[in-house]
Amino acid sequence: MADYKKDFLDTVEEQIAYKPLRGALSQELEGHISDRTEEYEALGISREEAGKMAVRDMGDPVAIGTELNAVHHLRKAPALTAATLLLLLLGFAGSAFMNWSPEQFSNGYLYYITGFLTLALVSWKGYPFVIRHSRWLLPLAGGLFLAGELLCAQKTVVFWKIRYLRYFGILLLAPYLILLAYRLRRHGGRAVLLVFALGGGCIFLPGYSRDLSAGAVLAAGVAGSLLMMNHRDIFTGNNQGRKGMYATILAGIAVVGCLFACTEGRREMIRQFVNPDAYIRSTWDDTYNSALIRRLLSETPLIGGIGLTPSELMDYGTGAWYFKERDPRQVGVDALYSTEEEKQELEAAVARAREEGVLPRYIYFDESNVRLWDILPQHYHNNYWIALCILLFGWLAGAVFLAVIGGFYLLLFGYIQKIRGNLAFSLSCCCGICLLMEGILYTLGNFGYQYASFTSLPMVSEGRISILIHMALLGFIFSSYRYDRVMPEDAPRQVKAYAKQ
Amino acid sequence: MDKRYMALGTSMLVLRLLEQQSMYGYQIIRELEKQSEMVFRLQEGTLYPVLHGLEQQGAVAGFQKTAENGRVRKYYEITSHGKRLLEEKAQEWKAYEKAVNQVMGGVLCGGL
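Those sequence lines, one after another, are chains A and B.
All the letters of the first sequence, read from the start, carry residue numbers 570 to 1070 under the working numbering.
All the letters of the second sequence, read from the start, carry residue numbers 31 to 142 under the working numbering.
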């Protein structure tokens, strides 16, 4: 008898391509055969015959295995992979191109290699890792985050070393909170309120004002994912129903939204975002860069780059176009000198300006050699990729660039939508919204509407840390899609054994 | 019968049974036979691809329970998404049934 059953189960297992799943599937089928065998035995049929009949009742093991394999198989995402690689290549080529500008040289572009490796690693092992280790991963990640915050609160040397990581810590808080919401999903509205309380509490901390763009990404990622989770009825065990849950989530969004305007500093940040012109004090301000970019974009034709005379280039390069009539002290200082006397004159002029509270901008070019690069916001070329594309090649090229980026996001969310597993979907949705929100804030900044600190354009405009985080988020989406059909999202819930009669 | 309608019928019946109570695979087969007065007798193994497919769609959720004989069984329970899906499948089935009846009725009338 054992041979019939074993042969049957072995044949089914052979059809399942994803080997780690074979044991669980086999166990379920074996239980079924054993139950049926016992029933036949109870009818007085011999043990061997009963086993044979039970296996026969199951049907064709090849067909069953093949159908189970059709349900449970690893999936590839060729279109998304191609689009991702294309954009990474674009970003890599762009970084190399940016090195034509000396300001960008120090950044290098080799971090694209580490980014690619992160993407590959997380795509390969990310989702299974989270599934298997989420029980200790949640407290560990929470502890690390708190430890980082305590270090930041001390404002010690360590704080100055890790403060740039804070932005990304906030970003990663989004999938963390969604994982938490998923684990507590059976508590329905209370799980949602806890997540909003934790996320909102983080945004409310005064130290986060500088990183409010990360806060906006966090809020969008969490709120959007909670809405999508509710749409899929992932929250159970609540008495509110789907509509009640929507009301709870929307109320949470409203409260968290208010936190972005809860202090005068934060309200000013919003005003700077909407109306940067009113907040320009010097050429060093981001608001000035926004005004400059808008002005230059308005002069760029549909096809072909912006055409400026050397005189116009100097006007923009020194800030004279804006400050000549307003505060001439803010116009850049000619830093070219050929004699010791001229050098001393420059130093004296700079010292006088500093005494007046002016931070002078040094100008190392003149009408004979000024280039477009010289007039763009210094050191920030990476933050204006889209604007730069328009300035260099015209609005049509910029529109194509934007369409490519938009197409990528459409493709990304198309894949996320196909993920069936609730946990895989929830986390992927969150990662996707975070990447999208980063892209939206970046794009707005490129048209002169910058909110809080700069964000990166995932894959295209990256830095050493941002590329690691973005590739981890993207890799997680790949991984969730890949393992969606083969990995149970939860260890099966155990219910107490029957009480013996 | 068209394979699509076979699959539709099976998953609809499974969801309907799970709407009554949570069950494990063998129990579903038994219940199906009992309630249909032995009309629906599946090749029993074919139930599992259907159940796993429904689980992946989020229509049913699995959990484990240990029986008194120590056997660990995987039970399935219908989700709220599953309940909506059942309604949709029932509508689809009614449309199919109506169409079959119309054609069969037409043929029979024509023959009279």
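Treat each hint with caution, since some may be false.
Stated by the list, open to error - Pulled from the structure, derived: some chain B residues nowhere near chain A, Cβ distances all over 10 Å:
hint: 1; residue: E49
hint: 2; residue: G55
hint: 3; residue: E61
hint: 4; residue: T76
hint: 5; residue: Y78
hint: 6; residue: T109
hint: 7; residue: G135
What the hints assert, rightly or not - Using 20 Å as the maximum straight-line C-alpha spacing, the simulated SDA-like pairs for lysine to any residue come out as follows:
hint: 8; chain 1: A; residue 1: K987; chain 2: A; residue 2: L741
hint: 9; chain 1: A; residue 1: K987; chain 2: B; residue 2: A97
hint: 10; chain 1: B; residue 1: K64; chain 2: A; residue 2: K987
hint: 11; chain 1: A; residue 1: K575; chain 2: B; residue 2: E85
hint: 12; chain 1: A; residue 1: K574; chain 2: B; residue 2: Q86
hint: 13; chain 1: B; residue 1: K104; chain 2: A; residue 2: K912
hint: 14; chain 1: B; residue 1: K104; chain 2: A; residue 2: S595
hint: 15; chain 1: A; residue 1: K987; chain 2: B; residue 2: Q86
hint: 16; chain 1: A; residue 1: K912; chain 2: A; residue 2: L941
hint: 17; chain 1: A; residue 1: K987; chain 2: B; residue 2: V102
hint: 18; chain 1: B; residue 1: K104; chain 2: A; residue 2: L690
hint: 19; chain 1: A; residue 1: K575; chain 2: B; residue 2: G83
hint: 20; chain 1: B; residue 1: K95; chain 2: A; residue 2: K987
Said to hold, decoys possible - For each label pair, taking beta carbons as the anchor points, the in silico distance ranges come out as:
hint: 21; chain 1: A; residue 1: Y587; chain 2: B; residue 2: M134; range: 40 to 46 Å
hint: 22; chain 1: B; residue 1: E118; chain 2: A; residue 2: P697; range: 31 to 37 Å
hint: 23; chain 1: A; residue 1: D572; chain 2: B; residue 2: G39; range: 54 to 60 Å
hint: 24; chain 1: A; residue 1: T805; chain 2: B; residue 2: T96; range: 34 to 40 Å
hint: 25; chain 1: A; residue 1: R811; chain 2: B; residue 2: E107; range: 40 to 46 Å
hint: 26; chain 1: A; residue 1: E833; chain 2: B; residue 2: E118; range: 41 to 47 Å
Hints are computed from structural coordinates only; laboratory data are not their basis.
Where a beta carbon is used, it is the ideal one built from N, C-alpha and C, also for glycine.
Hints and how they fare:
| no. | hint | verdict |
| --- | --- | --- |
| 1 | E49 | 15 Å, holds |
| 2 | G55 | 5 Å, violated |
| 3 | E61 | 13 Å, holds |
| 4 | T76 | 6 Å, violated |
| 5 | Y78 | 6 Å, violated |
| 6 | T109 | 7 Å, violated |
| 7 | G135 | 35 Å, holds |
| 8 | A:K987 <-> A:L741 | 23 Å, violated |
| 9 | A:K987 <-> B:A97 | 36 Å, violated |
| 10 | B:K64 <-> A:K987 | 37 Å, violated |
| 11 | A:K575 <-> B:E85 | 26 Å, violated |
| 12 | A:K574 <-> B:Q86 | 27 Å, violated |
| 13 | B:K104 <-> A:K912 | 84 Å, violated |
| 14 | B:K104 <-> A:S595 | 12 Å, holds |
| 15 | A:K987 <-> B:Q86 | 11 Å, holds |
| 16 | A:K912 <-> A:L941 | 26 Å, violated |
| 17 | A:K987 <-> B:V102 | 32 Å, violated |
| 18 | B:K104 <-> A:L690 | 33 Å, violated |
| 19 | A:K575 <-> B:G83 | 25 Å, violated |
| 20 | B:K95 <-> A:K987 | 30 Å, violated |
| 21 | A:Y587 <-> B:M134: 40 to 46 Å | 45 Å, holds |
| 22 | B:E118 <-> A:P697: 31 to 37 Å | 33 Å, holds |
| 23 | A:D572 <-> B:G39: 54 to 60 Å | 35 Å, violated |
| 24 | A:T805 <-> B:T96: 34 to 40 Å | 23 Å, violated |
| 25 | A:R811 <-> B:E107: 40 to 46 Å | 18 Å, violated |
| 26 | A:E833 <-> B:E118: 41 to 47 Å | 53 Å, violated |
The structure is inconsistent with the numbered hints 2, 4, 5, 6, 8, 9, 10, 11, 12, 13, 16, 17, 18, 19, 20, 23, 24, 25 and 26, although it conforms to all the rest.
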